[in-house]
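With the hints as constraints, model all of the structure from the sequences given.
Using numbering that gives the first Met the number 0, you'd call the opening residue of the sequence shown number 0 and step up by one each time.
Where hints are given, some of them may not hold.
[As the list claims (entries may be wrong)] Simulated crosslink set (EDC-like; lysine to aspartate or glutamate; CA at most 20 Å straight-line):
#	residue 1	residue 2
1	K44	D124
2	K183	D74
3	K43	D124
4	K183	E72
5	K178	E72
6	K117	D41
7	K114	E94
8	K43	E157
9	K52	D41
10	K52	E157
11	K91	D115
Calculated from the structure, these hints are not laboratory results.
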Amino acid sequence: MKLSYAIIGFDEVGRGSLAGPVVVAGVVDTGLSVPKHIVIRDSKKMTRLQRQKASNFICQNFAFGIGQATVAEIDKLGISKAVVLAARRARKKIEQSQISENITIINDGNLAWFKDGKALVKGDDKVPAISMASIIAKVYRDTLMINLALQFPNWGFERHVGYGTALHRQMIIAHGLLKNIHRKSYCRNIKA
0 MKLSYAIIGF
10 DEVGRGSLAG
20 PVVVAGVVDT
30 GLSVPKHIVI
40 RDSKKMTRLQ
50 RQKASNFICQ
60 NFAFGIGQAT
70 VAEIDKLGIS
80 KAVVLAARRA
90 RKKIEQSQIS
100 ENITIINDGN
110 LAWFKDGKAL
120 VKGDDKVPAI
130 SMASIIAKVY
140 RDTLMINLAL
150 QFPNWGFERH
160 VGYGTALHRQ
170 MIIAHGLLKN
180 IHRKSYCRNI
190 KA
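Structure, rendered in structure tokens:
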């Protein structure tokens, strides 16, 4: 069923990470009420369990799309252009579901990712569609990074999920960069 109006919120996860892709999710807010036991807010202010429960609910009840830009794309394009690329990929997946002809597109941040969209600073705290996008992007990317821990068990990916913690930096200094996993452009200043 096509809706007469919809808000599509987008958010990214992994912008500042030393490793792994940047992930953008978009969620179509249909106005469906969310049960009280499901927390919807900025994913950074939620526990892992709260995010997982919310992500499961969102993915079962809302149209969404997830896009990512690879480490190679981040190193080649820079993070800002890579985020826009990932956002376009997420939007393309949403558009395949033909939600509505009358939509408002809004992303978290200070620059709009789409010509027909808007940006809202701290939007992941203010707009439920962006909060939902924040949640599913975080769960998706964290899962990718936790799965890397199975391939590289001594690197601690299950704990730092690619961000520049002391442990992660120590591993880079001791063992060098992992090909296609670490962002060379982000790790230049990490020296032995």
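To see whether the hints hold, each was checked on the structure:
1. K44 x D124: Given that 20 Å is the threshold and the Cα spacing comes to 9 Å, the pair holds.
2. K183 x D74: holds (7 Å)
3. K43 x D124: holds (10 Å)
4. K183 x E72: Between K183 and E72 the Cα gap is close to 11 Å, so the pair holds against 20 Å.
5. K178 x E72: Satisfied, since the Cα-Cα distance of roughly 13 Å is no more than 20 Å.
6. K117 x D41: holds (18 Å)
7. K114 x E94: holds (15 Å)
8. K43 x E157: holds (17 Å)
9. K52 x D41: holds (14 Å)
10. K52 x E157: Holds, at roughly 19 Å.
11. K91 x D115: With a Cα-Cα distance of about 14 Å, the restraint between K91 and D115 holds, given a limit of 20 Å.
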